[in-house]
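Asks: Just so you know, the protein sequences line up as chains A and B, in that order. The numbering used here applies: residue 61 is where the first sequence begins, and numbers increase by one. The numbering used here applies: residue 61 is where the second sequence begins, and numbers increase by one.
Please note: incorrect hints may appear among the correct ones.
The list treats identical chains as interchangeable, and a pair is accepted whether it falls inside one copy or across any two copies.
Stated by the list, open to error - No farther apart than 25 Å at their CA atoms in a straight line, the calculated lysine-lysine pairs in the DSS-like style are these: (1) K98 - K195; (2) K203 - K125; (3) K203 - K98; (4) K253 - K195.
Note that these hints are calculated values from the structure, not bench results. These numbers were taken from a predicted model, which means no experiment stands behind them.
2 protein chains.
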Amino acid sequence: MTTPQLYCFAQSGNAYKAALMLALTDTAWTPVFVDFFKGETRTPEYRRNVNEMGEVPVFVDDSVKLSQTGVILTYLAEQSGKFGAKSEAERREILRWILFDNHKFTSYLATYRFMHAFANSDDTAVMDFFRARIKSALGIVEKHLERQPFIVGDAPTIADLSMCGYLYYPAEEFGFDIAAAHPAIGAWLGRIKALPGWKHPYKLMPGHPLAS
Amino acid sequence: MTTPQLYCFAQSGNAYKAALMLALTDTAWTPVFVDFFKGETRTPEYRRNVNEMGEVPVFVDDSVKLSQTGVILTYLAEQSGKFGAKSEAERREILRWILFDNHKFTSYLATYRFMHAFANSDDTAVMDFFRARIKSALGIVEKHLERQPFIVGDAPTIADLSMCGYLYYPAEEFGFDIAAAHPAIGAWLGRIKALPGWKHPYKLMPGHPLAS
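Same shape as in the complex, but just chain A (with noise of 0.2 Å):
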């Protein structure tokens, strides 16, 4: 039995997603860095051969090769027994979370940071745009979370490992402090942070100054 592999760098928070869930199950990994920024996931050979839709992260153990990253989660939840539903109505809210976090929490946010961070985007109106959509779906969030700790029900799931994808890099990457702004999101954000096993994306994928 080989380690199961994981396409990954370590500014995405996509693939953080499935790394933090491989972390908190305590699950043997090797990761497989793709070199983002020199343009790797749009090249032929990427879309040929690991993703044609150009993205991390890929998950590739013995028997499959996964994209998409409630589609991993949803399967390291199944292989472990770890973070996923204990009902079908749970199994449901769980899915509605993640594909609303692929749609308008994680999407707007991870476009928002790489213009501000890595793009070095003077672009305001297209800032602005996603500021406001931003906006929105964090207050959505946030008013959800004073309500239960977790996004469903009343322990973590990989419906929360999938929400806060984006949410522990730096602060001037985004440049406005989420948590600070958003206390429920800021206490759940805390609460993901006490997991035993949980690591900083820095620290968990590769690719970084920071990473070890």
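Once you have looked at the hints, place chain B on chain A.
Replies: Just chain B now, with coordinates in the frame of chain A:
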């Protein structure tokens, strides 16, 4: 037993995904018109009573109240035994494309169309930004459909119904003809349109002058 209800409006391609699934599975249902263009989904009442995420569609029947099209489509596939997965691998592959759709396909297409057709936006920087993202996403799907007739396997699934959600609206609403510029996508849309029970979104949901 009451007829299931779908909160929807004609111009919502997301609602159309669920409405089309109901039509193709020959399921009786009642539309509940949501006056999106007058701001209904943004009201505190809608968020409290219908959907905290402030979105359509919402599907309600005797035992469940569901939002997010990926959840509704999965539920209806399980209930009807149609357009679902035939194996675990197929189930993961369907979810993979539904997530891609939510993140990068419907997401960008719907936003762009909204700005072009309904918001009369002249924000060319934002429009340009989304046009580039749409081009990339359409390229990935076109290449995928050059190799196979449907998104997953050789028969239509809910992954197809998710991804086609916005693509039957008139080309003028986008300002460009997606099917004409992408032959494999055009042929795929033709295959879905040929399924028994198919109806155009403006014929299937209320709130448009063309609605019957």
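Asks: None of the hints should be skipped; say for each whether it holds.
Replies: Now for the hints, and whether the structure bears them out:
In this assembly of identical chains, the alpha carbons of K98 and K195 lie at most 25 Å apart only when taken from different copies (21 Å versus 31 Å within one copy). Taking the shortest alpha-carbon separations for K203 and K125, only the inter-copy value of 20 Å comes in at or below 25 Å, while the best intra-copy value is 36 Å. When the C-alpha separation of K203 and K98 is checked against a cutoff of 25 Å, the pair qualifies only between copies, where the shortest distance is 23 Å, while the shortest distance within a copy is 39 Å. In the homo-oligomer, the alpha carbons of K253 and K195 lie at most 25 Å apart inside one protomer (23 Å), although the nearest pairing across protomers, at 38 Å, exceeds that limit.
The structure shown violates none of the earlier numbered hints.
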